[in-house]
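Peer 1: Below are the chains, spelled out letter by letter.
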Amino acid sequence: MLISLPKDQLSFCLDTVEKALPTHSSVQPIENILLECHGQWLTFTATNLEQDICVKIPNIHDSSGRILLPPKIVDIVRYLPAADVNIEISFDNYRIDIKSGQSNYVLYGADPTDFPLTRSEDDPESILSLEQADFKKILKKVVFAASTDESRPAFNGVLLYFKDSQISLTASDTYRLVVQDLINENWAFEEQRWLIPAKALRELLKIMGEEGEITISPKSKRVVFKFNQVYFATRVLEEKYPDVRGVIPTAFKTRILTERKLFEESVARAGLLAEGINQAIHFSIHDHRFEVKVSSQIGKMEESLQCTQEGEDVEVFVNAKFVMDILKVLEQKEILIDFHSKNGPLVFKIPGDDSYIYLVLPIKME
Amino acid sequence: MAEAQARDIILCDLDAFFASVEQRDHPEYRGRPVIVGGSASSRGVVSTCSYEARRFGVHSAMPMARAVKLCPGAIFLPGNMKLYRAVSEQVMALYERFTPDIEAVSIDEAYLAVPRGEGLKTAAKIRRAVRDELELPLTAGVSTNKLLAKIACGMAKPDGLDSLWPEEVPQKLWPLPLKVLPGIGPVSAEKLHRVGIKTVGDLAATPESVLVQQLGQAAAAECRQHARGIDSRPLEPVRQAKSFSEEQTFATDVAGPEALKAVLMEQAEELGYRLRAAGMRARTVGLKLRFADYTTITRDVTLAEATDRDSEIYRVTVQLFERCGGEGPWRLAGSRVSNLETSRQLTIFAPPPGAVKEDKLGEVRDRLRNKYGTEVLFRARRLAGSEAGHRKPGR
Chain A
16 MLISLPKDQL
26 SFCLDTVEKA
36 LPTHSSVQPI
46 ENILLECHGQ
56 WLTFTATNLE
66 QDICVKIPNI
76 HDSSGRILLP
86 PKIVDIVRYL
96 PAADVNIEIS
106 FDNYRIDIKS
116 GQSNYVLYGA
126 DPTDFPLTRS
136 EDDPESILSL
146 EQADFKKILK
156 KVVFAASTDE
166 SRPAFNGVLL
176 YFKDSQISLT
186 ASDTYRLVVQ
196 DLINENWAFE
206 EQRWLIPAKA
216 LRELLKIMGE
226 EGEITISPKS
236 KRVVFKFNQV
246 YFATRVLEEK
256 YPDVRGVIPT
266 AFKTRILTER
276 KLFEESVARA
286 GLLAEGINQA
296 IHFSIHDHRF
306 EVKVSSQIGK
316 MEESLQCTQE
326 GEDVEVFVNA
336 KFVMDILKVL
346 EQKEILIDFH
356 SKNGPLVFKI
366 PGDDSYIYLV
376 LPIKME
Chain B
-2 MAEAQARDII
8 LCDLDAFFAS
18 VEQRDHPEYR
28 GRPVIVGGSA
38 SSRGVVSTCS
48 YEARRFGVHS
58 AMPMARAVKL
68 CPGAIFLPGN
78 MKLYRAVSEQ
88 VMALYERFTP
98 DIEAVSIDEA
108 YLAVPRGEGL
118 KTAAKIRRAV
128 RDELELPLTA
138 GVSTNKLLAK
148 IACGMAKPDG
158 LDSLWPEEVP
168 QKLWPLPLKV
178 LPGIGPVSAE
188 KLHRVGIKTV
198 GDLAATPESV
208 LVQQLGQAAA
218 AECRQHARGI
228 DSRPLEPVRQ
238 AKSFSEEQTF
248 ATDVAGPEAL
258 KAVLMEQAEE
268 LGYRLRAAGM
278 RARTVGLKLR
288 FADYTTITRD
298 VTLAEATDRD
308 SEIYRVTVQL
318 FERCGGEGPW
328 RLAGSRVSNL
338 ETSRQLTIFA
348 PPPGAVKEDK
358 LGEVRDRLRN
368 KYGTEVLFRA
378 RRLAGSEAGH
388 RKPGR
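Respectively, the protein sequence lines represent chains A and B. Just so we're aligned, residue 16 is where the first sequence starts under the numbering used here, counting upward by one. Just so we're aligned, residue -2 is where the second sequence starts under the numbering used here, counting upward by one.
Don't read these hints as lab results, they were simulated from the structure. Hints may be right or wrong, so weigh each one.
Within a straight-line C-alpha distance of at most 20 Å, the following computed EDC-like cross-link-like pairs (lysine to aspartate or glutamate) qualify [what the hints assert, rightly or not]: (1) LYS308(A) x GLU86(B); (2) LYS315(A) x GLU100(B); (3) LYS379(A) x GLU355(B); (4) LYS308(A) x GLU93(B); (5) LYS379(A) x GLU360(B); (6) LYS379(A) x GLU302(B); (7) LYS315(A) x ASP98(B); (8) LYS315(A) x GLU93(B); (9) LYS176(B) x GLU187(B); (10) LYS336(A) x GLU302(B); (11) LYS315(A) x GLU86(B).
Build out the structure end to end from the sequences listed, making use of the hints.
Peer 2: Below you can see the structure in the form of structure tokens.
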């Protein structure tokens, strides 16, 4: 069977499914990429048993069949010399001949019989459809706060809670917490909650495009995202997500409004001297001055920013990285921070937008 | 070394520090003997006394009961460590304006290094600043090494400034009695007196072989160096403790695991106390065991979250003991905490009620221990440790 297609298109397919290739696995077939040729379509699939990614593109070819492609093919295609690629596949002995420009590869494919295919044609209907660009922005503001430490699996997930006309996304690593609410009068969700691995969402962020819609279809233990020609499925976490909203304070003791970009640069400079696991830097707010300081074994620095202050003066120590994380993902000109004394949380908000909060617990100096 | 030689060393010593702070904050104490320390009824000792009290023969480390007898009219105070520590920090911050090279020796003493030739001038400025800004008396000794700066400081006390340069050693240092040298205590001085060595000059002139007989090899060499005003110790800038450890070699080997665990509990309580006193928490907890045949093992575990709790340290050392402790008898058991942190990232979850209870218990025990200088409260598990011999609870 002969397939001809532009190198860019083939690369897109392989680069996308590569995100689901297992780094190491005891199940041999899944170390490969499944290629299915059916009718007018080519489908590439990879899985690590937690996530499956498929890309389906239209292509005219002369026969049908299935084959496992070795993972090396991803890099091989990336480095091919010409803009077009011809692939000749023999489904009898799984031989793959790749020709591009003056370059000829022969790869040894494998029998696809044992490749676990979890994808099914009867995927449930989507419950939500959003612009990819919007969804990307939302995920960027949420996913970073989820934990990568596997000792508390619930916090490896981002909670999606649907009810009536609202969706709430929650992520936390126990030191900080993000809550993003989305409201749309046209929505009418049945109450449901899905705990999606943050790892999957980080991969999703890498492969989503800027144009077109993305649909979300949850089903028993899986959630499927569909966009462009991509089908992205992930297992959901079954852990119970603790009730974290209770920690969000309703009143503040100190509130400041300051310029986000200047603040970000200041924290970046202070962070250079922060050390140890806690990366502590010091905020001191008094008389409409916002001082950013740090003192460590390496040395010390301080600088001050303009801010408008409401409420009492406050001094607090906080992890520089936790602060940078939020300042980097926001695009607004100004940021609002509520303080609750020296051992209470810092709550970051976007001025005029009640739908998003980022809460960080401070560092207690002994 | 070239760099070290190019600098002057200043020893700054706050005179009768705790008592001076009290006299500063309470004008009614000024000019009167002030004695800060434990209480006479609980066998406390004097930690600091003002110069007025010293005239009555009171000195630090003296039993309080004796101080009361010598100077019954004194003002006796239990002391306020929190305040003294805060004042000490102010003083250190003041030193930092003059030089970044500071070695804090204790709460009231620090060595400072400044460029060669600026020692006396800087020391005078520091004394003035401490007097003007903090209203505290300070004595400074200046030289080119720590030993001579320390001796100069001793000569200048109280509230004075003096220098002792290496070239002045023969005239200024040699006529002085042996006790001016750090490291020569009453016992060594007595030994040397017996062979006719009475002054620092005598010591400098004595052949090393004679000193070796009296003091042993290492001490002899050091004493002779010191008598000649030579000291190569570098300035060691503020260093945080990197670990705390406790170990015990048993008078007779311990055979039973329960007795060994009791020792581990005692060590956990001690390490917990030291961590809390230093305001630190440890991420790594380790165990050291020596078996009857002298085989020694050390094992450690790094925790997800740093701790200063006795029970957590004990839980880990016992777990290590059960995993790697093998069969007794054991000759030695040691516990160690390292990977120390001075700050704690708070979490959105309140700590479990058990932990809060233990923190409160730890606080009460630490307070009692600070007050009585010895443990008055301990965990019952340690009673099983009587087999392990010394350091029974309630000692």
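Peer 1: Kindly indicate which numbered hints from before are broken by the structure, ordering the numbers from low to high.
Peer 2: none
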